[in-house]
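Chains as they are written, first to last, in the numbering used here: chain F, 1 to 165; chain C, 166 to 532; chain G, 533 to 891.
No incorrect hints appear here.
Residues from chain C shown here face chain G by an in silico Cβ test under 8 Å; the list is partial: (1) Glu197; (2) Cys287; (3) Asn359; (4) Trp511; (5) Gln514.
For lysine-lysine, the following BS3-like pairs were computed, each having C-alpha atoms within a straight-line distance of at most 25 Å: (6) G:Lys673 / C:Lys169; (7) C:Lys340 / C:Lys439; (8) F:Lys69 / F:Lys80; (9) C:Lys367 / F:Lys12; (10) C:Lys439 / C:Lys398; (11) G:Lys613 / G:Lys673; (12) F:Lys149 / C:Lys340; (13) C:Lys250 / C:Lys453; (14) F:Lys8 / G:Lys835; (15) F:Lys8 / G:Lys880; (16) C:Lys367 / G:Lys880; (17) F:Lys69 / F:Lys137; (18) F:Lys85 / F:Lys137; (19) G:Lys880 / F:Lys12; (20) C:Lys367 / G:Lys835; (21) F:Lys69 / C:Lys215; (22) F:Lys61 / F:Lys85; (23) F:Lys85 / F:Lys52; (24) C:Lys367 / F:Lys8.
Covered stretches of chain G (chain F as the covering partner; in silico rule of three or more C-beta atoms under 8 Å from a C-beta of chain F): (25) 564-578; (26) 819-827.
Calculated directly from the structure, the hints in this document are not laboratory data.
As the structure is a prediction and not an experimental result, all values here were calculated from the model.
By construction, the Cβ of each residue, glycine as well, lies at the ideal position given by its N, Cα and C atoms.
One-letter residues, chain by chain:
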Amino acid sequence: MQFERYGKGIAKGLRVTITHLFRHPITAQYPEQRLNTSRRIRGNELIWDNIKCTGCSTCAKSCPQGAIKIITAVNPEENKYTVEKIDVDTGYCIQCGLCVEVCPYGALFMGYAYERAQYRRNDLVQINEGLLASAEKRPSGYMHPDIAKELPRQTLLVERINEDK
Amino acid sequence: MTLKTEPFMLNIGPVHPSTHGVFRLRTTLDGEVIIDIEPIFGYLHRGVEKLAEERTYTGFIPLTDRLDYLASMSNNLGYVIAVEKLARIKVPERAEYLRVIIAELQGIASHLIAVGAFLNDCGAFFTPFLYMFREREKIVDLFEMVSGQRLLYNYMRIGGFAQDVPDEFLPALDKFVRQMPGFIDEYDRFLAENEILLARAKGVGILTREMAIDICASGPVLRASGVKWDIRKVDPYSVYDRFEFDIPIGSVDDCYDRYRVRVEEMRQSLRIIKQAMEQIPPGEIRAKVPHLVRPPVGEAYAHTEAPKGELGFYLVSDNSIAPYRCHIRAPSLMNLTALRDMMIGWKVQDAIIIFGSIDITMGEVDR
Amino acid sequence: MMLPADWPGGFWWHWLVFTVIIIAFVLTLVMGLIWIERRGMARMQARLGPNRVGPFGLLQPVADAIKVLLKEDITPARGDKIVHLLAPITAFFPVLMIFAVVPFQNGALLADLDVGVLYVIAISSISAIGVLMAGWGSNNKYSLLGAMRSVAAVVSYEIPLVLSVVGVVLIAGSLSMNQIVLAQNVPFILLQPLGFLIFFIGGCAEINRSPFDLFEADSELTAGFHTEYSGMKFAMFYLTEYGEALALSAIITTLFLSGWKGPLLAPWLWFVLKTITVFFIMVWTRTTLPRVRIDQLMALSWKFLFPLALINLFITAIEVLVWPEALPWTMIPVNIAIMAVLVLLWSKFFKLGWGRVAV
Chain F
1 MQFERYGKGI AKGLRVTITH LFRHPITAQY PEQRLNTSRR IRGNELIWDN IKCTGCSTCA
61 KSCPQGAIKI ITAVNPEENK YTVEKIDVDT GYCIQCGLCV EVCPYGALFM GYAYERAQYR
121 RNDLVQINEG LLASAEKRPS GYMHPDIAKE LPRQTLLVER INEDK
Chain C
166 MTLKTEPFML NIGPVHPSTH GVFRLRTTLD GEVIIDIEPI FGYLHRGVEK LAEERTYTGF
226 IPLTDRLDYL ASMSNNLGYV IAVEKLARIK VPERAEYLRV IIAELQGIAS HLIAVGAFLN
286 DCGAFFTPFL YMFREREKIV DLFEMVSGQR LLYNYMRIGG FAQDVPDEFL PALDKFVRQM
346 PGFIDEYDRF LAENEILLAR AKGVGILTRE MAIDICASGP VLRASGVKWD IRKVDPYSVY
406 DRFEFDIPIG SVDDCYDRYR VRVEEMRQSL RIIKQAMEQI PPGEIRAKVP HLVRPPVGEA
466 YAHTEAPKGE LGFYLVSDNS IAPYRCHIRA PSLMNLTALR DMMIGWKVQD AIIIFGSIDI
526 TMGEVDR
Chain G
533 MMLPADWPGG FWWHWLVFTV IIIAFVLTLV MGLIWIERRG MARMQARLGP NRVGPFGLLQ
593 PVADAIKVLL KEDITPARGD KIVHLLAPIT AFFPVLMIFA VVPFQNGALL ADLDVGVLYV
653 IAISSISAIG VLMAGWGSNN KYSLLGAMRS VAAVVSYEIP LVLSVVGVVL IAGSLSMNQI
713 VLAQNVPFIL LQPLGFLIFF IGGCAEINRS PFDLFEADSE LTAGFHTEYS GMKFAMFYLT
773 EYGEALALSA IITTLFLSGW KGPLLAPWLW FVLKTITVFF IMVWTRTTLP RVRIDQLMAL
833 SWKFLFPLAL INLFITAIEV LVWPEALPWT MIPVNIAIMA VLVLLWSKFF KLGWGRVAV
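So that you can see chain F by itself, here it is in the shape it has in the complex (with noise of 0.2 Å):
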């Protein structure tokens, strides 16, 4: 004779969850206590290098969504390109990378940080001196690994937990 649904599956549930009472949780009190992104994390804003920059606009003609617009002018006693407006839309920018993976003289890096939201619209637009780095806006290692080495190690949630299993 055999014996079904006489609540054998529904003591082994109640068993599973009374032994995750015991067990630490797993959630950090943000934000008193803030864990380690990735080191190429793409985050929230574009930095650029104004030294290194030639004003190819590769970045602009890979960019998908058009966030990147340039306007450049003609230097002709250093034969090169000055820049005269670069205007960076974070509100259209999808965070993809291609720009920062297609500058050819790696000048364009993403930001670090995640926590930049702005109050109004019109503050995620940045020209030209906004754009550099600052304090508040580091760089991150996507596509730089000079820049990753230097960045603290990522935390991992494989890591975090030991459960004796």
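Following the hints, complete the assembly by docking chains C and G onto the known chain F.
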């Protein structure tokens, strides 16, 4: 003497706590029993296929992320394989093995959400959902280490990957692969034999084998009805023919079978990942492909086994930097055409479970 | 209605003190129960619960109450306004009235009725009318579906509930709640294991607790019969839900777990501890179990619980009449064995629900 009753129309969705995305289901009910349904979708249409004609081949990859947003790597993989077929590009060995590892990891992550959401619809108040999200968090952490983002990765490129994996990826993956089978066993102890779940999901929403083949279903929905059809075995792409794995199939295609097939597929994915980790060679991570690819004139169709089913990309090229036409065969759209036959005669509560068990994502259905 | 012999002062003084005690007890303990449910369920789901408001999040229910009071009060335009207004009140006041006969200590209750158990069962059915009024007055198909399901289920589950309590009454020999507690030298859960199981399952179904919470299933009907409620009226429904859970726990403690009896601590403290333990078991089952379907719910009541309750009643009656000197120690293993056999047999032959209906 029978009481005179009349059927009434109930609108489930588009904004509903349990339809997976914006999906509207107009049901005609007689008391609690469903007499007729009419699915209405299109609320998430963004014109992705038209946008493909205006972006370059590489610039379209971020948009393929957003098709099935819960399994982005698989979408990237499907598209990139189609372009490589069109442009006849050969991918280096290390990139092929890494593609297999990443695609299988993404399959596990997507099945975790599918099973968790299905059990949540059955009524277990978020508990299995949160347990499975804990495991998915570990996978998403690995992907964040590799690509920089947590949901829409944009990591695969035509000819390989954007960057090589960092040094701590393989040890962390090893730890994950060791821990995961224990957690899958814990889920089985938790709910697989639960009497209430068996009563709710066994025998409900049966899709017969003939009907499944007729509507071109694919993925776990097809395999649960006993058809042994997996593109990784039937038409292998990448290096899948070098690995040894089984294809779990069900017998009766009801909600419970689809749930079991998904859990077993997670176990088989772990097996493939272990074998790939042992065999991965060092080397190049990306073939030498220019940023603006110009494939020769022609057309190509490439299909891959995404977690939801057979994802296909059809590309037509006219030797310019953007495709002339791109069509996406979305597995969720094909799977949901059988909803009417599956749901008629059941009750409203069963309709929600049936809808959760075929696991669709509206980003794919509407594109 | 008689006062206990050692009560100083008159009748109205007794009435006033106990009314205040009951209202304070219910409101405070409901807040405690909400806290236990949210933290307990959260820890079982591997996350923290609310822990910002007050130490350990103890003031979270207070914050919820303030938030709910400040919300706008919406009445549907084409619904029946008077019915919509009276529904939460009709659902809530029976909960307070049940506590009039629950003993906190020996003789410490508002009214030591000779028919306490009958009073409790009668009053607790009035909440069902409140639910039906809520569903009807909202002018909303979802609410109506939820209310209809709820009334059908509450009416069906009354019968096994009552039958399982009659077993306890037979052994104790009186319908008065105080007498039942006094007669429990051995807790009745050991003497009536099948009765306890039926009462627990039936009680959970009556008060819309998981696994039977399909009347307000969040993932199916967007909150069922209280979809259209906001502000203070929603707070009354919320209070009703936890108040009924508290009332059920208190009644289970009195009838099956020997109420306020226990060594060392004060009797009312034992009562509170036992009530909280029973409630914790309800939280535990809510976290673990999925929901049943409506026709499976009805089948469970009529085909599973009702025959078992009848058989339990007959067996208890035979034991009390024919074999009174076997009480209580021989009866315990006999009853537990009978319960195991019956549950196994019934689950083998029990078919749940309809299946697919041909359309």
